[in-house]
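There are 2 protein chains.
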Amino acid sequence: MKIALAQLNYHVGNFESNTNKIIQHIREAKQNGADLVVFAELCVCGYPARDFLEFNEFITLCDEAAKTIATECHDIACIIGLPTPNNNPEGKDLNNSAYFIENGTVKAVVNKALLPNYDIFDEYRYFEPSTQFSCIDFKGKRIALTICEDLWNTIENPLYITRPMDTLIKQKPDVMINIAASPFAYNHDEERIEILKDNAIRYNLPLFYVNHVGAQTELIFDGGSLIFDNTGVLLDELPYFKEALTYYTLNDDASVSFEHASTIKAAHQSDIEQIHEGLILGIKDYFYKSGFKQAILGLSGGIDSAVVCALAAEALGPENVMAVLLPSRFSSDHSIKDAEDLVKNLGCKSETVAIAKITESFESALSPQFKNLPFNIAEENLQSRSRAVVLMAMCNKFGYILLNTSNKSEAAVGYGTLYGDMCGGISVIGDVFKTQVFELAREINKDREIIPENTIVKPPSAELRPDQKDTDSLPEYDILDAILYEYILNRRSSAEIIKLGFEEAVVRKVLRLVNISEHKRYQTPPILRVSPKAFGMGRRMPIVGKYLS
Amino acid sequence: MKIALAQLNYHVGNFESNTNKIIQHIREAKQNGADLVVFAELCVCGYPARDFLEFNEFITLCDEAAKTIATECHDIACIIGLPTPNNNPEGKDLNNSAYFIENGTVKAVVNKALLPNYDIFDEYRYFEPSTQFSCIDFKGKRIALTICEDLWNTIENPLYITRPMDTLIKQKPDVMINIAASPFAYNHDEERIEILKDNAIRYNLPLFYVNHVGAQTELIFDGGSLIFDNTGVLLDELPYFKEALTYYTLNDDASVSFEHASTIKAAHQSDIEQIHEGLILGIKDYFYKSGFKQAILGLSGGIDSAVVCALAAEALGPENVMAVLLPSRFSSDHSIKDAEDLVKNLGCKSETVAIAKITESFESALSPQFKNLPFNIAEENLQSRSRAVVLMAMCNKFGYILLNTSNKSEAAVGYGTLYGDMCGGISVIGDVFKTQVFELAREINKDREIIPENTIVKPPSAELRPDQKDTDSLPEYDILDAILYEYILNRRSSAEIIKLGFEEAVVRKVLRLVNISEHKRYQTPPILRVSPKAFGMGRRMPIVGKYLS
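These protein sequence lines are chains A and B, in that order. The opening position of the first sequence corresponds to residue 1 in the numbering used here, with each subsequent residue numbered one higher. The opening position of the second sequence corresponds to residue 1 in the numbering used here, with each subsequent residue numbered one higher.
Treat the hints as calculated values from the structure; they're not laboratory data. As the structure is a computational prediction, the values presented were derived from the model and not from experiment. Hints are not guaranteed to be accurate.
So the derived label-pair ranges between C-beta atoms look like this [as the list claims (entries may be wrong)]:
id, chain 1, residue 1, chain 2, residue 2, range
1, A, Gly-399, B, Ile-479, 54 to 64 Å
2, B, Arg-329, A, Gln-24, 50 to 60 Å
3, B, Ile-264, A, Thr-154, 46 to 56 Å
4, B, Asn-490, A, Lys-170, 41 to 51 Å
Where is the CB? At the ideal position from N, CA and C, for every residue including glycine.
Just chain A, same shape as in the assembly (with noise of 0.2 Å):
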């Protein structure tokens, strides 16, 4: 049996373009021989669709294109994902399902058992659980298939009480079929490639397994389709980051075959690698996906805006990104400069708007009601908020959207301007330490210098008073950044922070710094995500709570 397996870009809510691209690659794949193509978890819909899902009309639409599918299934048989309303009175409206369609007609439907939950999933808001498995026959094989999250109830850490393998292999199945829709995070591959083999072995059965590819605003997904033999060896993967279309025949003794070179990596890529490709597919899509081609930022000279503009430069390309020099009295020379070296080396259109005035206007309009109070964080944040002001007019003006310049580190411990420089559209390296961005910065110049090297060197600064720099209220980022990351993406208290060996008046200020800036977070662009725990709708912190640590 001939399979193929499709791994592919869709647009959530975009039926047309989602079933136009499906009907390609049914056709395409009949063309090379194959009996049956595989397309990835909700991809009719696409994924995440969020309350999308709670509109009939949605859930039509869904069956609509189901139907137009089915019609091209002739002469092969394809796998699709869509949400389908539940035919039990009891439970939720809705079940994931697959459909198996064969011969213009659907053959057979699986609903996902485990519904994932957690961080940035909200499966069990819409979804009822499948407690029903059927294997599939198909061409003298039986498939065993199973939706994502379906084969990813560990062992050794169980989320759920159920496996629905279980149930499947007591029918005897001589393949196992897995469709997802599981979001790319710098250390998700390796994770995803353990448990998927450790399913072939248990069950020992070859596994197809087809991933999204492409960006739903702030969530990232990787492709890096899977395929293992039964006994564990990964035999192929489709690429990283990129659409694919792959054959593969399951042969009579179990065995899989396959014509072109595997393209396994030899070495899996290094986490800002990824990063650094992910990034891309996120602002590429946000703006193709949105309808929008020209992007704007603030360029302060900084490595934090140095790094994001490059990096839109190399998602739409130079022409398509406006840099803004909004220098204040307190920018520095270098600043400028630094930022005007960017800007030729990348090729990228620039504007210098200067904002002197502007927050001399805001000074001495308040002036009755500041009187002669000192110079505060109220005058700093008025430069920020003047540059938002500046860009947010040039969007309005031109038709550009803002680039959030933000990096994680910043956004953790609210050190940034709500309405300043927390503004844009879309957060790009929101999710990406500052540690990270020097590295970042550093794969951005691996082949020739694009960020001044002055840029990544010098001692980070706001440059919103006079020889401001980062350390003056935060501690260095190595130390800061280790201790969020405990905190953040560890859960840490800061009792057992301070037993790993930090300093307890840091710790004590880092995570008091993070917990009374929640209401900033709260209204901050959807931030890309690189890591297993983002700011976002991954992670779900009370606003107004009184806080532990």
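Since the structure of chain A is already known, use the hints to place chain B on it.
Just chain B, lined up with the frame of chain A:
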């Protein structure tokens, strides 16, 4: 058996204050001869604790608080709610539990079975549902203790496939007790009474129901705890939006008697009266629980900011409200006068900061870029954003929290400026449609004219260009709100809404405006929730998705 019901205002994560409050009420109930005092669901940690629940330290602190509370339970028993570790190694880490504490020790643990995971609820994110149900014997009575949603699985529309009381009833209980965390919406009190009454009738048992009161950021809990006899007659109702401790005797013939006058209202409050009280509590608790006292807002002379200002003055005291007039060249004389009249009527503080020179400084700084392009939304937004920067500067200088004054109709169609009038720490009327804002103004003026009549009767205008009226770009508010209601609350498609009799072009325009504003709403402050479907956590729409309507 004498039962005390404690309907209290907790604070998420504030173990010290929650524990003290619980202990103080145990003591008071004991002094008044109660055998048992019942507190609300998850009262120990507050509700909703969100991802606090993912911190081990948080769960440990819950356990320690319960131990402290237990030491008070001699000669009186109590029921408290808290998260506890799931003893089963399979499934999620926690249970949503109720402790029955007697003689200083936990005599019984009940775990919640039906975990709401719709709208604002995320309980399946944290908790494993219970599948085992046992009654609790106490002083010759058998108690069927359940937690909130456990009684909410209706016969007509069953959201879950089990019903805990169907198991518990077989053990022949004498009484039902349900502890809850059931947030306010203007239609929710009637629904609650109906569903609980059905339970009393179906199981032929008296029912004691204890709810939270108080607000946790955007969620308001209205109290209104309930007592039914075994025929479903509502015997008593605790006050709405207030703390209370009341006593009942469960007699041997299963009847319930009590000494105080029943506080059931002859007629329930109107929606607007409830919204009014709910918003007052929401503002109060937002400030009190976050440790702030002083609110600031921009006063335009229009009805939205007038209503918010009046509510804030009522909630915080007029001396804690700073109203700032921010006239531009497009502000009409009557607007300034209306704003001044309101300030006078309320007795709140006020300042005037003219923004004309500020917007001119932006226009001048941007003139090399904008050249002679015509005045458009860029310049309109400059005004709104300049006002926000002034207000935020005053927040930074003086420690105010900015109140957002957008209404739900505006928020829905994106008739507001991101980083402009959409700023604020909390949105007061973001869940109140414009037509309801008018009703709210009348309600506020019930006893005397607080909001100037002219503010209520003049045609709404954003005053961002000469002679602008809201109806220049939007349909009349009664039409707009009716369409929004069908789309947002009833999730109807454009075709369905048109079929209800609305003009096709208008429906398409409104729905399109809602859809293209998702990115704006993503970055708005938390919105005090008063309806069954508010923007925020309860409505999770894709941003970069293709919308249907």
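Quick rundown of the hints versus the structure:
{"no.": "1", "hint": "Gly-399/A with Ile-479/B: 54 to 64 Å", "result": "violated, 30 Å"}
{"no.": "2", "hint": "Arg-329/B with Gln-24/A: 50 to 60 Å", "result": "holds, 56 Å"}
{"no.": "3", "hint": "Ile-264/B with Thr-154/A: 46 to 56 Å", "result": "holds, 53 Å"}
{"no.": "4", "hint": "Asn-490/B with Lys-170/A: 41 to 51 Å", "result": "holds, 45 Å"}
Violation of the numbered hints given earlier is confined to hint 1; every other hint is satisfied by the structure.
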